[in-house]
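Start counting the sequence shown at 1; every next residue gets the next number (my numbering).
None of these hints come from the bench; they were simulated from the model.
These numbers come from a predicted model, not from an experiment.
Careful, some of the hints might be misleading.
Said to hold, decoys possible - The calculated lysine-lysine pairs, modelled on DSS-like cross-linking and capped at a C-alpha distance of 30 angstroms, are:
#	residue 1	residue 2
1	124	164
2	164	88
3	13	78
4	13	28
5	56	28
6	88	77
7	88	28
8	13	124
9	88	13
10	28	212
11	56	124
12	13	77
13	212	88
14	164	13
15	88	78
16	28	77
17	164	56
As the list claims (entries may be wrong) - Label-pair distances were calculated between CB atoms; the ranges are:
#	residue 1	residue 2	range
18	7	198	26 to 34 angstroms
19	55	197	20 to 28 angstroms
20	57	7	23 to 31 angstroms
21	214	11	19 to 27 angstroms
22	16	100	17 to 25 angstroms
23	214	7	24 to 32 angstroms
24	127	220	41 to 49 angstroms
Idealized CB from N, CA, C, for every residue including glycine.
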Amino acid sequence: MKTSVNFDHVDPKFREHLLLNDRERISKIYRDCWVNYPQVVAIRAGVRAIYEMPPKTQAQCMLICGRPGMGKTSLFKKIESDMESLRKRHIDSYGCIAFSLSPDPNLHGFEDSISEALGVPIGKIRNGLVPEAFCRLAHLRRMRLVLIDEVHNLLNAGRIDQRKNLAFLRALSSPPMSLSIIAFGVDDALHAISSDEQLERRFQLCDLPPWKENESFRSFLAAY
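Full structure from sequences and hints, please.
This is the structure in structure tokens:
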């Protein structure tokens, strides 16, 4: 005699997974999945608002920071995916590039990371100034956002390299580029940015607070 199994407690869109064989179900269990919760919904909406706002002389930027393990890199990838989806849906959409800052950052590393993200060389960054080739390419691709993960690595550079790196970021967010920088990092990332007062004023700070046993955490678990 067969016994019917009640799957009412399982989200309808996942019930078909229960009918798979063991190997396939285990594969589904180990697969990464994205779970929205209020803090990241607000951050994603904020990034989209920056992406869609009219160009500004001094670009609006955002710094998302929190302790290790709070999901910053997952959020970075999700926002990168958001921007790609927007670009595909709208013919007149803006461009976006994304990369992670190397553990030992310098201007040469910026050149390599941006060139790899764009698929073409951007030329040499000298004295923190944006290469002319990059300016032209950014204009042709209607670039609006630069997503940078691991921005706290700026602190790993020596004092002279730190100043050059920050001067370059300031140049990216100033005319003629006026690109909005969306940066991600641990709490130390704020110290990296705040050492340049002009640059710091352009950044809106978004903190990912540690989880606590509260209604927000319970809602997150329920959504998962």
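A quick look at each hint next to the structure:
no.: 1; hint: 124 - 164; result: holds (13 angstroms)
no.: 2; hint: 164 - 88; result: violated (35 angstroms)
no.: 3; hint: 13 - 78; result: holds (21 angstroms)
no.: 4; hint: 13 - 28; result: holds (13 angstroms)
no.: 5; hint: 56 - 28; result: violated (44 angstroms)
no.: 6; hint: 88 - 77; result: holds (17 angstroms)
no.: 7; hint: 88 - 28; result: holds (28 angstroms)
no.: 8; hint: 13 - 124; result: violated (50 angstroms)
no.: 9; hint: 88 - 13; result: holds (26 angstroms)
no.: 10; hint: 28 - 212; result: holds (28 angstroms)
no.: 11; hint: 56 - 124; result: holds (26 angstroms)
no.: 12; hint: 13 - 77; result: holds (23 angstroms)
no.: 13; hint: 212 - 88; result: violated (38 angstroms)
no.: 14; hint: 164 - 13; result: violated (50 angstroms)
no.: 15; hint: 88 - 78; result: holds (15 angstroms)
no.: 16; hint: 28 - 77; result: holds (20 angstroms)
no.: 17; hint: 164 - 56; result: holds (24 angstroms)
no.: 18; hint: 7 - 198: 26 to 34 angstroms; result: violated (57 angstroms)
no.: 19; hint: 55 - 197: 20 to 28 angstroms; result: holds (23 angstroms)
no.: 20; hint: 57 - 7: 23 to 31 angstroms; result: violated (56 angstroms)
no.: 21; hint: 214 - 11: 19 to 27 angstroms; result: holds (23 angstroms)
no.: 22; hint: 16 - 100: 17 to 25 angstroms; result: violated (36 angstroms)
no.: 23; hint: 214 - 7: 24 to 32 angstroms; result: holds (30 angstroms)
no.: 24; hint: 127 - 220: 41 to 49 angstroms; result: holds (46 angstroms)
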